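A.B. asks: Single-letter residue listing:
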Amino acid sequence: MRPMRRMVQGGARSVAASVRKHKPDYQILLYMWLIMMIGLVIIYAIGPQRANVLNNAYGTDYYDSTYFFIKQTVSLAVALLAFALATVTPYQLLLKHAGKILGFGFAACVLLFLFGNVVHIDSIAQCSLGACRWFTLGPLGSLQPAEFVKFGLLLFAAGFLGARATQGLINDRDKTLIPLGVIVAIALVFIIGIQKDMGTGIAVIAILAAMLLMAGLKYRVWLALGGIMVLVGIAFILIAPHRLERVTTFFSGDSSNVDDAGAYHIAHAKIAIGSGGLTGVGIGNSVQATGYLPEAINDSVFAIMGETFGFVGLVGILGLFTALLMRLLKVSDHLVDIRLKLIVAGVFGWLASHVVLNVGAMIGIIPLTGITLPLLSFGGTSMVFIAAALGLSFQLSRYTAFGSKLESSSDNARQQPAWAARRSTRGRTGSKP
Amino acid sequence: MQLAFQKGSRSRVLGGLLLIMMAIFVVRLFYLQIVMHDDYVAQAMQEQVKPLTIPAKRGLIYAMDGDKPIQLVMNQTVYTLFVDPATVTKPEQVLETIRKIAGGNLRPNLDKLIAKKDTRYQILGTKLTRQQAEMIKKEELKGVGFQEVSQRVYPEGGLAAQTLGFVNAEGKGQYGVEEALHDRLVGTDGLLKSVTDISGVPLTIGSGNINRPAKDGENVVLTIDRNVQAKAERALAEGLKNTGAKEGSVIVMDPQNGHVMAMANLPSYRPAEFTKVTDAAAFNNATVGVPYEAGSVIKTLTVATGLDQRAIRPDSTYVNTDKIKVGDREIGNATKGQTGTITMQKALDYSLNTGMVTIAQRLGDGTINQQARNTMYEYFHDRFGLGEPTGIELLGEARGNVTKSDQPGAAVQYATMSFGQGMNVTMTQVISAFCSAINGGTYYRPTVVAGTLASDKTTFSPTNPDVLRKNVISQEASSQLRSMVHEAREKFHGAKDKAGYEVGGKTGTSQTLKDGRYVDEQTIGSYLGYGAGGDGTPRYVIMVQVSGKDMNLEGGKHAMPVFTDISNWMIDYLKLQPKG
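Respectively, the protein sequence lines represent chains W and E.
Here our numbering is used: the first sequence runs in plain steps of one and ends on residue 433.
Here our numbering is used: the second sequence runs in plain steps of one and ends on residue 580.
Worth flagging that the hints you see were computed from the coordinates, not collected in a lab.
All values derive from a computational prediction rather than experimental measurement.
We treat Cβ as the ideally placed atom computed from N, Cα and C, and that holds for glycine.
Errors might be hidden in some of the hints.
Here chain E is said to cover these stretches of chain W; the calculated rule only asks that three of the stretch's residues, wherever they fall, bring their Cβ under 8 Å from a Cβ of chain E [what the hints assert, rightly or not]:
1) 117-128
2) 208-221
3) 304-313
4) 353-361
Using the sequences and the hints, build the whole thing.
C.D. replies: Okay, structure coming up:
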């Protein structure tokens, strides 16, 4: 940790500018594409059943059997567009306007709060059980302001923490931690407090936790902040009955009463996964998707994939996510500009927290938070923003430095980092001469 | 993937955390999907697979119409209306609607039934038609449901009621062949076990689906000929009307195969209205269920025994003094005055008890000794099947009782048995025995089942006659007996029969036990006889029995006219040829 701080202090920014732009890390795009395609296959398979369930429930024939497949295809197209856009939009521009994006996210949250919780205009604010999370955009679908907040916060915190790290003030309580704490607190009040979206809230925390760690925050402080977050989390759980229920459901284990909606959800997720066995029941043969498992197409898609593709399939999917995440981590690791390093670390935290929270809940080792499985779950906003975040990471992967470059970049550090010397001797790391 | 992280980099911490998390996930997935797989499959099956019972159709019952089967009962689907009081939200609306549509089918105290909120099932109405059920369904009343119930319909009304029996509200056969052949008629319900979606709609996906179609019950064709049955019922009713007798039974049997062509009992009932019957006795088939002392009709069997044992011939003589001593008891004749040396034919003609006792004595050493009794028991019980159930496919067949030959005081009892007293037998036992005695000696198990009709309702598979015993008496003895019985009828009643046809018969008048004592003022009149075709083959056997409380009914006077009526009709119906 110590050498890193020195290095950062030594003026990484100038080095970053000196790193020549090179080919991006296409593996990021590859893994993302593979995961998206698997998601499309599963939506194609269970879409008709989902449509059938909804038509039965509402007594309509509104949902065509290809409804979900077509919508998901459109979402994918939009997500790829977002990816491309984030790839070509210069990161400098994004960093420069990070505050505005975050501000826009906050403003949207305020607006949503006004429409949803104050004047109750259902045609604009989409609410369920008192939690208003989406704007209705008519034929364009819906928009979740929390995703803007996430994205804005990612950029803003990268700029802010990057600057503080450069100044060597990353552990400074008054100049770094408290201002950041205030912004995060505002975000959480909106997301968890008003929109009652624990999952997204945790994702925000995870984004910042990954960034703070990479920025060189002392482990002691990092763990202390984590402890505070846990306490705050417990407080949030205790004040919201539905969260308390989920947690009690979780801790009461398999023997819990299935009358309770949360317990029912988890029990059926486990039935779906467990009945998949080694190789699954095959595409189109999922029975749990015919109405037994709630949110089969959205939050529970992992369980349906477990039923469909079995252990082999799920391990493969987890493998793809792991590969993508490790790729992000590697990019972050090799970025010289601390701000860029932090952006990719944040994206890692974002993606990882979604995967861990969703999968963990489905297999019954983490309480249910109602969070999507990125790139796989049906639903536009989440997919578009994660694709944009990945697109940004893809863009930044062009600025990584390896071996000698890193070595030379840190030559003004008073203490030569041991790794820099050794790295140069390794060949197959995609290093650029 | 190569973990190309820089040494000391915090990426290693994050990467490590991620990999640990993923490892935990994989272990957990291994536990859920591999270790616990069977358990979760079982859980999934339990909620996904819903068994649906496919009710089997109850087999139909056919009678014969000449040589073709004709339907005697039909099935009709009716609906039972029930409510789940716990989920009914508008009881007044429910009651108003169902009263309007199905007022006549409802149970009393509906408002109380529907108010039983702590119950989940209350039947409000029964036997609603499909139309009524559809009309009520259209109202979409909450908590109201229907159950399909199959109900028997009887196009022939009360025809062969006791032979048929009926089907109760629970679908169980009661009395008659409906109960006796219930297992064959009821079939096996099918089972549809299918993976369904959450609303119970069967899906085509999933393994282990069971689709076992319902096996409908057999269509049973009775030996009952609807025309003969109708004639027998008419003749019996008329006979009762003419004589004033209260109860009566008739069996018409084909002696060549044991087929019961008609089996009538009065008073009777209509199976469709079984709920209105107040005295359950109307359900009973007296011809199989009520043993009695058959009386003089048994004399035909005593003569048959004597002939077969060559103890007598038709022209054997004995000295009739109108009384005969057996042990310390003196037995007399009902008909007096035919004294002197007379033939056995005459003893049968006049139904003389002394003649029958003489035959019994001649079976032994001139007294009814052990040998005589053993022979009689062998014939009556072992060969003619008296005192044992015949095995006819009807419920509640009585055994009756024939005393064993080695009992104390058996000599006197066996003397009375020779003319039909001192033993209890059913009409079915007697007519079956008589059939075997006149048909050449073959004892067929009496039967009401002629065969089955395939589900196409045209392919008839007849059941082979069930020969229980052959040569119960010799061919020669049988033809001698037939001519004796024919002569016995012809002598006094020949003029009543269609000219040129061989008809034989024997009267019977049995005393009944009243307060443990034989009395003369309450007697049962019976008649047992046959008709033969031109070649001398017996083609039908008819047994008639009439009775009434405190009524003195005689075979010749009260039962025989019914026999004559049916017999003459049978000659036409069977298109018998006159004697050549």
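A.B. asks: Would you list, in rising numerical order, the hints stated earlier that this structure does not obey?
C.D. replies: Checked against the structure, the only hint that fails is number 1, while the rest are satisfied.
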